[in-house]
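Sequence lines, in order, name chains A and B.
The first sequence: position 119 = 119 (my numbering), numbered continuously.
The second sequence: position 190 = 190 (my numbering), numbered continuously.
Treat the hints loosely; a few may be bogus.
Since the list can't tell identical chains apart, any single copy or any two copies may satisfy a pair.
[What the hints assert, rightly or not] Taking lysine to aspartate or glutamate and the DMTMM-like style, the derived pairs with C-alpha atoms no more than 20 Å apart in a straight line are:
1. Lys253 / Glu56
2. Lys99 / Glu41
3. Lys253 / Glu284
4. Lys253 / Asp278
5. Lys165 / Asp307
6. Lys99 / Asp76
7. Lys253 / Glu280
Because the hints were derived from the structure by calculation, they are not lab data.
Number of protein chains: 2
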Amino acid sequence: MADPMLAHCESPVFNRVCIIGLGLIGSSLARAIRQAHIARELVCYDANGAVQSRVEELGLTTHVCATLADAVTNADFIILCVPVGANAALAEEIASHLKPDAILSDVGSVKSSVVAAVSPHVPNGVHFVPAHPVAGTEQSGPDAGFATLFLGRWCILTPPTGTEKRAIDTTSAFWRACGSNVEIMTPAHHDQVLAITSHIPHLIAYNIVGTAAHLEEVTQSEVIKFSAGGFRDFTRIAASDPTMWRDVFLNNKEAVLEMLGRFTEDLTALQRMIRYGDGEGLHELFSHTRAIRRSIIALGQETTAPDFGRRDKPA
Amino acid sequence: MADPMLAHCESPVFNRVCIIGLGLIGSSLARAIRQAHIARELVCYDANGAVQSRVEELGLTTHVCATLADAVTNADFIILCVPVGANAALAEEIASHLKPDAILSDVGSVKSSVVAAVSPHVPNGVHFVPAHPVAGTEQSGPDAGFATLFLGRWCILTPPTGTEKRAIDTTSAFWRACGSNVEIMTPAHHDQVLAITSHIPHLIAYNIVGTAAHLEEVTQSEVIKFSAGGFRDFTRIAASDPTMWRDVFLNNKEAVLEMLGRFTEDLTALQRMIRYGDGEGLHELFSHTRAIRRSIIALGQETTAPDFGRRDKPA
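This is chain A alone, in the form it adopts within the complex (with noise of 0.2 Å):
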């Protein structure tokens, strides 16, 4: 199947974009905005010099500039992909080489905490607009990104009270041309939000990969084999940036830590049920969470094929 492409912009929601940290989702979107023309000009800037190196190779920034000030410097549009954590001195650094009415904006999957450490920085005159697009891939580095990751995604916007309404819709323009549909919030249901549906799903998975890799009784080797059984599609989440994810549950702490508290209670009510043979309870949960991935197939956010459609390389 041909990969799909995104549409080209009429004409560009911006003149000059300016993307720090190439990451998956920082290089992603610097292909995004090339495919579709979303900027007239795209300044690419990696702290990383082999990062930076790899971006010019592969022709993702078309203007290249030596310092992260002239970087800024110009730019209409400036988006933070780096892991949450670096986002504020990020934030410091830049916020005097800014342009007024610049539009300052990051990619972090925690919003509170980030709203927090980055608003102090902003200048007058520059508008603040943090966005979550919630889309990804277990892979990491400016190799991983490709145009069409936001495709049919959503992209959370938490505007702080107060943002100038044009400031939000250039931005929610901006990811509506990467393929997104955009979902305006407070940062705090956010963080709640993306704790049940992101960062929950995240810490279990390392956590049952953790648990598999410490078994006496079982060989790590027995653990790969007999993988398919279900195991290794936890792996697949468990295989993602680890900087990112401390950054995010050092940053979410009190959304992770409550969803973390109802999670465990409810599993130790299914183990109440294993342990008393309740077949009947256990039966009717079962029943129940099959319609939830329905539900996400039907409104486009999952593949419809089985296994994830997914081919394995046989041995």
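Let chain A serve as the given structure and place chain B on it in line with the hints.
Frame of chain A, contents of chain B only:
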């Protein structure tokens, strides 16, 4: 990409095979047997009249038998492909109709309880070779099956002590003809290995989908919309057959509760790292788990493509 095909057997492994229960596994076996010419004759029998009609429509069976007794009479190899809890009654019902030297097998995801429940019904002269193909999708029923489901996957045999080597070898040959790798172990060890590689993953997937369904602060439509952040991965195995999985948990209680104890212990440690802001501890765990996925991919038990090679149908 073209679907792979199974290689034809040089000569059929069996003259007549009888499959009882034509769900995902039974109907996939029927298709594999036909495609690779593993048996000269194939009798498919399902107690559910609608399933039986569909199996005949699909042309999976070479002989139609009106009764269970007729179906197993003269079969060289009888495979029970029903939920684990249904094996004992089925074995009792067919026992007196099995021909001398026939091999009786099953495909259950739990082995100790199946061996204990079925063995007393196996007549003298009939060989009992329990099996568990570690393969599946989240779909059920005779239409969900496909011939290459077992290709490159492992099938575990757990023959009771004293089983004739010839019966074990023939059962192995059958599974190899279906494209599987074969491993032999004790029922008890099987149940421990599968508790961590399959049963606990299913349990926590069912559990998190259940937790998400009960939230009040986060609506169900938000859970569905933003599921691409990780949650949707879990909905796949939480969409597995409820009856099959109820029986797995009721019949592998001890190993499941033990592994669940370890999982919860590890999760509590992880929760503590988050509460006390132990970034180093989190980063260390998250880095370690990445390596396990690489091994699974290297051993051909997982697709090499990012995101399972999943292509979403954008809404």
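Now for the hints, and whether the structure bears them out:
When the C-alpha separation of lysine 253 and glutamate 56 is checked against a cutoff of 20 Å, the pair qualifies neither within a copy, at 37 Å, nor between copies, at 56 Å. Taking CA atoms no more than 20 Å apart as the test, lysine 99 paired with glutamate 41 passes inside one copy only; the shortest distance there is 16 Å, against 79 Å between copies. Within a single copy, lysine 253 and glutamate 284 get their C-alpha atoms only as close as 32 Å, which misses the 20 Å cut-off; across copies the closest is 18 Å, which meets it. Taking the shortest alpha-carbon separations for lysine 253 and aspartate 278, only the inter-copy value of 11 Å comes in at or below 20 Å, while the best intra-copy value is 34 Å.
For a Cα distance limit of 20 Å, the shortest separation of lysine 165 from aspartate 307 qualifies neither inside one copy, at 43 Å, nor across copies, at 36 Å. Only within a single protomer do lysine 99 and aspartate 76 lie at most 20 Å apart by alpha-carbon distance; the minimum there is 8 Å, versus 81 Å between protomers. For the identical chains of this complex, lysine 253 and glutamate 280 are inter-copy neighbours only, at 15 Å across copies versus 36 Å inside a copy, given an alpha-carbon limit of 20 Å.
This entry does not satisfy hints 1 and 5, going by the numbered hints stated previously.
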